[in-house]
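Protein chains in written order, with my numbering: chain A, 1 to 225; chain D, 226 to 439.
Source of the hints: derived by calculation from the structure; they are not laboratory data.
We put the CB at the ideal spot given by N, CA and C, even for glycine.
A couple of the hints might just be wrong.
[Unchecked claim] Derived contacts from chain D toward chain A, CB cut-off under 7 Å, selection only:
hint, residue
1, MET226
2, GLU227
3, VAL229
4, PRO231
5, ARG232
6, VAL241
7, SER243
8, ASN289
9, THR292
10, GLU296
11, GLY299
12, TYR305
13, GLN335
14, ILE350
15, LEU354
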Amino acid sequence: MFCLSILKDTVAIHPSNFGAPPEDALIAEINKKYANRVLHEVGLCICVFDIAEAGEGKVRYGDGFLWYKVVFRLVVFRPFTSEVIVAKVKSSDEDGIRLTVGFFDDLYIPVAYLPQPSAFDPNERAHFWLPDSALTTTTELLDTPVAERMYIDQGEVIRVRVESDEFCDDEPGPPKVTEGVQMKHEPKRPPYVVCCSIAEQGLGPVAWWNGSTQVEEGDEEMEQG
Amino acid sequence: MEVVNPRSALLSNYEVLSLLRELESDNLLRTKAALRIKKEEETANGAGSSLPLAGNPHLEASENLRTIEVEAIGYLSADYLPITAQSEDGITKLVRGLAPYNLTKAEKLQIVNLAPTLPVELYVIVEELEERFGDRIDEILEHVQASLTSGPKESTLTNGINGQTSYTAVTEASVVVQEDDTWDEDADAIYDEEIFDDTGAGNGVEGDLEMDED
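Using the sequences and the accompanying hints, generate a full structural model.
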């Protein structure tokens with residue numbers, strides 16, 4: 001899930017931080033800039049791991065900052081393709097399932113990567129899987145008795161395989177008129193999206209494969225139905 | 226900014242968690258130190274000297290860092306990940322034990338991260354498990370089992386986001402307790418001084434209340 005990336009940057013230290021050891025000041029400054037940010041084709045930065053190299057701090061004309069050229073290593077969240085990770089279901093809709101790992105929640109399972117045959121139940125707002133069933137169409141699947149369905153509920157812990165990831169770098173458009181005109185919020189694409197799959201033996205809700213919690217789930221659904 | 230190498234090395238979840246924990250405790254210590262310096266300055270000013278104490282400035286952790294730190298620790302120490310039962314020695318032993326099996330680096334990393342104890346979990350991680358290992362699957366699972374401590378450590382066990390909030394609450398509480406300790410040392414003297422230093426309107430009220438109590 002995590003890896004180290006080596007980056008090079010020029011970092012400015014404010015005079016008020018001159019009293020601190022330069023290394024600490026640099027790390028604080030780099031963390032301020034990179035932590036919790038998605039870098040294109042790198043991943044989601046977590047924090048500084050260490051500083052590999054730092055030059056002499058230089059003062060430029062015009063400000064009192066000390067400018068350091070620094071090479072440092074960052075801890076980055078970027079699961080590799082085919083890696084298996086454990087995540088929680090954040091929400092479900094017709095197009096698939098959205099997952100979260102707490103600090104990052106742009107993990108998606110598209111419908112095509114769900115175990116087959118499966119369908120989306122609009123009443124429960126959840127996808128379900130019918131193991132060992134010959135049915136294929138959604139209407140047929142929705143006619144089956146609820147007790148047989150294996151639901152993937154919200155908040156469930158789920159084991160997934162990373163299939164691909166994608167970075168989007170949307171340029172900010174021209175400035176919009178704010179006075180008098182209602183601002184229209186366009187749906188923004190997330191900068192980093194990870195596409196996952198559970199269409200495989202052993203993937204999906206962890207409880208499916210432990211063989212222990214399935215009974216409880218069945219009970220719940222009986223009560224609801 | 227220039228990316229020299231986007232992926233120079235892989236990190237296990239355990240390493241990331243210990244790094245983040247270290248960062249958090251570091252930050253806590255710094256905050257405490259800054260608090261103490263601030264307090265000393267205040268009392269010094271109250272005694273008449275206007276000289277601010279020269280000390281190292283407080284490097285504040287940015288909001289972004291705090292957010293991701295708390296959330297990542299919350300995820301990594303959740304009860305559905307095996308980290309709470311893992312230890313540095315256990316992982317070292319596990320990696321050594323896995324060396325003769327010709328697993329790829331990525332497979333070993335995932336075994337360390339997920340600590341599979343059931344065959345079905347191992348099937349997902351290792352490609353063509355049956356052809357490659359056949360009846361040695363159980364051996365691998367035994368290695369994993371041996372690397373885990375039986376009971377999760379209570380002190381580090383946090384449960385998802387809720388657990389995380391309680392964790393921070395506990396650390397905050399410890400700060401408060403520490404402050405109380407310093408109060409107790411020469412309680413009355415400092416307390417009076419603090420009251421006179423206070424410029425707020427609550428100052429007089431507080432004094433009155435105390436009189437009433439007496």
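Which of the numbered hints above does this structure break? 7 and 15
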